[in-house]
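There are 4 protein chains.
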Amino acid sequence: MLTDMEIEKLSRRLRRIRGQIEGIERMINEHRYCVDVLQQIGAARAGLYQVGMIMLESHSRSCVVEAIKNGKEDDAITELMGVYRALHK
Amino acid sequence: MLTDMEIEKLSRRLRRIRGQIEGIERMINEHRYCVDVLQQIGAARAGLYQVGMIMLESHSRSCVVEAIKNGKEDDAITELMGVYRALHK
Amino acid sequence: MLTDMEIEKLSRRLRRIRGQIEGIERMINEHRYCVDVLQQIGAARAGLYQVGMIMLESHSRSCVVEAIKNGKEDDAITELMGVYRALHK
Amino acid sequence: MLTDMEIEKLSRRLRRIRGQIEGIERMINEHRYCVDVLQQIGAARAGLYQVGMIMLESHSRSCVVEAIKNGKEDDAITELMGVYRALHK
Chain A
1 MLTDMEIEKL
11 SRRLRRIRGQ
21 IEGIERMINE
31 HRYCVDVLQQ
41 IGAARAGLYQ
51 VGMIMLESHS
61 RSCVVEAIKN
71 GKEDDAITEL
81 MGVYRALHK
Chain B
1 MLTDMEIEKL
11 SRRLRRIRGQ
21 IEGIERMINE
31 HRYCVDVLQQ
41 IGAARAGLYQ
51 VGMIMLESHS
61 RSCVVEAIKN
71 GKEDDAITEL
81 MGVYRALHK
Chain C
1 MLTDMEIEKL
11 SRRLRRIRGQ
21 IEGIERMINE
31 HRYCVDVLQQ
41 IGAARAGLYQ
51 VGMIMLESHS
61 RSCVVEAIKN
71 GKEDDAITEL
81 MGVYRALHK
Chain D
1 MLTDMEIEKL
11 SRRLRRIRGQ
21 IEGIERMINE
31 HRYCVDVLQQ
41 IGAARAGLYQ
51 VGMIMLESHS
61 RSCVVEAIKN
71 GKEDDAITEL
81 MGVYRALHK
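Chains as they are written, first to last, in full-length UniProt numbering: chain A, 1 to 89; chain B, 1 to 89; chain C, 1 to 89; chain D, 1 to 89.
Treat the hints with care, as some may be off.
Stated by the list, open to error - Taking lysine-lysine pairs in the BS3-like style, the calculated list, with each CA pair at most 27 angstroms apart, reads:
1. Lys-89/C <-> Lys-89/D
2. Lys-9/B <-> Lys-89/A
3. Lys-72/B <-> Lys-69/D
4. Lys-9/C <-> Lys-89/C
5. Lys-89/B <-> Lys-9/A
6. Lys-72/B <-> Lys-72/D
7. Lys-9/D <-> Lys-89/B
8. Lys-72/D <-> Lys-69/B
9. Lys-72/C <-> Lys-72/A
In case anyone wonders, no lab produced these hints; they're calculated from the structure.
Nothing here was measured: the structure is a model prediction, and the numbers come from that model.
Take the sequences, apply the hints, and build the full model.
Below, the structure written as structure tokens:
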């Protein structure tokens, strides 16, 4: 579970990333130089990775710990590995 | 240089990614299960990577080839390596 | 803690990766075509990632679960996040 | 084409990476703490990425430039995109 402060912080980061994506759409339609667009794509991807890491840490500290304390460790770890593979792409 | 068809195709992909990001913001604010959110983050990142690869290929086939034919290979390759590194994050 | 069977399996994978690296060294010294060498480098990196995922899963199922059951969740998760970041590079 | 100096430099890096892999095999067989092993795996992967980037740059500056100047740009770029995808894993 995310705290209200975490939700606020993540929402702000996601809004900024959404703004970057809008910026990329605009740059493409304005025929801006590909290299500048590609740098922005890299920045948006890096931003999403940071959001993912923050959520993953929060998820681990709450849901995963809770699940393990309730003896549901097998499912919790299987799920965690799936998430990690999804984020790594 | 992107062709009009490439711009159309990339714009469509970017709109879809922007929709995914909005979805992630909503999911977070609705306290949805972190694992579902994390899978969406992974999907958005993978989508951005695909957009990056399409642009990188188009850039290589036009600007990089052009630059090399005009003897500006040193700068073109230096720039290309910078883009690779930016996309890999 | 890795089981004996896991150690055997990982050792076999690592020997194969070591063989790939030796192969890459040989290819470079024999002036083989860069693209073939680069494909091998990609394969060795992917192999190391698989080894990392196997170890990470085993570590999570044993040490992390153990630590959490003993109330040492804070350190265990901090360490886990550090490992994620190290593997992602 | 790699110069003799590049071959020497890459061979040295690859020998170091091979040593890291041997070290990882040893650590696993000595039941060393998984987290330390995982950090080493991350370091070896990062080392291979650097080797890949050096080769990719050298390949681009020689073979790709040569191919483009000889009008074989289509194949050269297709190959380059394949290499980039292979390295990214």
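Status of each hint after checking the structure:
{"no.": "1", "hint": "Lys-89/C <-> Lys-89/D", "verdict": "holds, 10 angstroms"}
{"no.": "2", "hint": "Lys-9/B <-> Lys-89/A", "verdict": "holds, 22 angstroms"}
{"no.": "3", "hint": "Lys-72/B <-> Lys-69/D", "verdict": "holds, 12 angstroms"}
{"no.": "4", "hint": "Lys-9/C <-> Lys-89/C", "verdict": "holds, 24 angstroms"}
{"no.": "5", "hint": "Lys-89/B <-> Lys-9/A", "verdict": "holds, 22 angstroms"}
{"no.": "6", "hint": "Lys-72/B <-> Lys-72/D", "verdict": "holds, 18 angstroms"}
{"no.": "7", "hint": "Lys-9/D <-> Lys-89/B", "verdict": "holds, 25 angstroms"}
{"no.": "8", "hint": "Lys-72/D <-> Lys-69/B", "verdict": "holds, 12 angstroms"}
{"no.": "9", "hint": "Lys-72/C <-> Lys-72/A", "verdict": "holds, 18 angstroms"}
Consistency note: the structure conflicts with none of the earlier hints.
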